[in-house]
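Chain by chain, the residues run as shown.
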Amino acid sequence: MNNFPLPIAAAPAGLPIDDVLFVVVPYVVLALFFVMTIWRYVKDKFSYSSFSSQFLENQHQFWGSVPWHYGILALVAGHLIGFLFPREVLWWNAVPARLYIMETGALIFGVTALVGLVNLIIRRAINERIRAVTSRMDVLILVLLLLQVLSGLYVALFTRWGTSWFAGVLSPYLWSLFTLRPDASAVALLPWSIKLHILGAYAIFGVFPFTRLVHVLVVPNHYLWRRAQVVMWNVRKNSTGGGK
Amino acid sequence: MNVRSQISMVFHLDKCIGCHTCSVACKNIWTDRKGTEYMWFNNVETKPGTGYPTQWEDQGKYHGGWEVSGDKLRLRSTGKGRIVTNIFHNPHLPTMDDYYEPWTYKYEDLFNAPAGTDQPTAMPISKVTGKYIDIKAGPNWDDDLGGSPIYAANDPNLSGLGEEQRQQLQALERLVLFYFPRICNHCLNPACVASCPSGALYKRGEDGIVLINQKRCRAWRSCVAACPYKKTYYNWSTGKSEKCLLCYPRLETGQAPACFHSCVGRIRYLGVLLYDADRIAEIAKLPADKLVEAQREIILDPNDPNVIAEARRCGVHESVIESAQKSPVYKFVKVWKIALPPHIEYRTLPMLFYVPPLLPVLGQTDNNVYENGQDVAAIFHPFDQQRVPMKYLANLFACGDEGKIRYVLRKLMAVRAFKRAATVGDIPMATALQALSQADSSDSEAEDIYRMTALPTFAQRFVIPPMHREEAIEAFKDPQDHKREVGFGFTASPKRGL
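Chains as they are written, first to last, in my numbering: chain A, 1 to 244; chain B, 245 to 742.
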């Protein structure tokens, strides 16, 4: 198992603070996430929106929104793959060339996301119209996302081969949480930068239900297979397309 | 045959006086909230002019509506393949600058300004940012041809007009304009509905009204880009799109929509059309020169026993069929053929029709004596000298086919000659009748057109079918119980986010 460099610091294990941060906090966050997103969807569906501001400002939005979304979607997908298929990731990374491809790819998406996010922050700060539609939660979530991307890039650059040790250390830790046998002992030994990145993720999941990020949950999945026209009837069953 | 009913509209442009009462009536009811200040579900444009949003008819710029690609119909702005990229940044979305930044004035400065030697002024402030703004344009900046060398010269409908015709339009003594009131066309093949990734937009089956479900809209903005008439609007405050709802809460209680009800010139007509929904996909793909005729073809005769039987089979309510038989819109569009759809080349099959304007009526002068037209040629004479070039009207209402405009104008002119012969008597009746027959009309039809344009009562202009909302409720509970239990439904305030 230890045929890849594991960035475990020589620190005393088992501090109670680590159990609070990496066992109690994630459960609180998860509970908050599920209860509040569902509550908001049921009680206040109107508030579910991406709150696009492209209508107010068009040019800068392109250089913010496009790189940000492509970058972050690829990174989220990467983290998800590491979590779900750790064996396959380790198998892929067993050949150095493949490992380099994986790491470089992840880094490129990280930089892309950072460029987009910085553009979005600058746009929100300098454009009068965009400032008029900026809420306190928008500011909070932008700060959290910026910290998360920066800490992610720091980890990628200074504790290398993250694709491998994520599969080896963090995937078992996350599985331990989801299988209700929490074990944060390995996480407790990780350097502070990785811990910061993990806590940043929990912070984002915690505020998620209270921000515009909920638009992620309502991506228009059925557009790809529904008929073009939508017709709704009073008495007949709701139908799409030409049916009666 | 799949018979459906559609609440449809006719605007008679000869009667529009450009008073904007319709726009104000609409705004006071629907769009006086934060985020909607810039929206005009109903607006009145001066033509020639660039309209609102600026140059909305230029689909090279806005990419609205449908296009035929191979044997398929596809949206110009988006599609199943393109939605993935469009969702992060919609390349064809108009911005607020294409409409205008709404503003008010800082009136309190008039009262609070310190005493001085000059008059205090109320500075304009933006309704978006609350800061002072320098007003550059507004929704009717070129009203009544104001600044038309700058604005009207960019009217997309002027394409195809010769230099001479363009010059004529601007010659001072021939200067001409007409008004073009616009609401949502509640199309048969709506591009907005087809573009919505969330499926928030839908067409109501029973009456064809196109609506946006505010609880399903997620601000993906596709409808704004896809509608070629630019009649869906993005509410920048709530993060939801909104559009003309044909005042359906008024219709459901038997009242005409606010813009119709308030129309000073009484230019507006509203009624039911029955149409064959099975043929929409087929005719929307036809070559542009066949579209006007084809749309007329799928509108069915509500007096035809076969159509009535089919309508019953398809579940169209008896009262709606009856209402379709009295529909003024059916007469204008299908019987008299004098109402035409706007820009049907966008292929959304709009269900709002316009009677093109005859204005200004030009007579011949003979030795400075106004000649009313003693013979048929004189009655029809003015068209080729009409100040609004026929080509311009054709670009607007007939995909460039002047013949269709000529047909309408000849008929309208013949009706005038006929009524003048009957009431004033300076045109021989024989000549008037001859003119009518040459215009594909008859004395009885002329009388009908005259009565429906000059003397119609409120109930003749607006034949509103019973909307049968009780049927929607019956499926779940007793309508009488429902009536006692509910208030207005959606009672949360439309605030932004949580």
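Derived from the structure by calculation, the hints contain no laboratory data.
Heads up, a few of these hints could be off.
[Said to hold, decoys possible] Covered stretches of chain B, going by a simulated chain A footprint (3 or more residues, C-beta under 8 Å):
1) 324-336
2) 437-445
3) 476-485
Beta carbons are placed, not taken as given, at the ideal position from N, Cα and C, and that holds for glycine.
Outcome of the hint check:
no.: 1; hint: 324-336; result: holds (count 6)
no.: 2; hint: 437-445; result: holds (count 7)
no.: 3; hint: 476-485; result: holds (count 6)
Of the numbered hints listed earlier, not one is contradicted by the structure.
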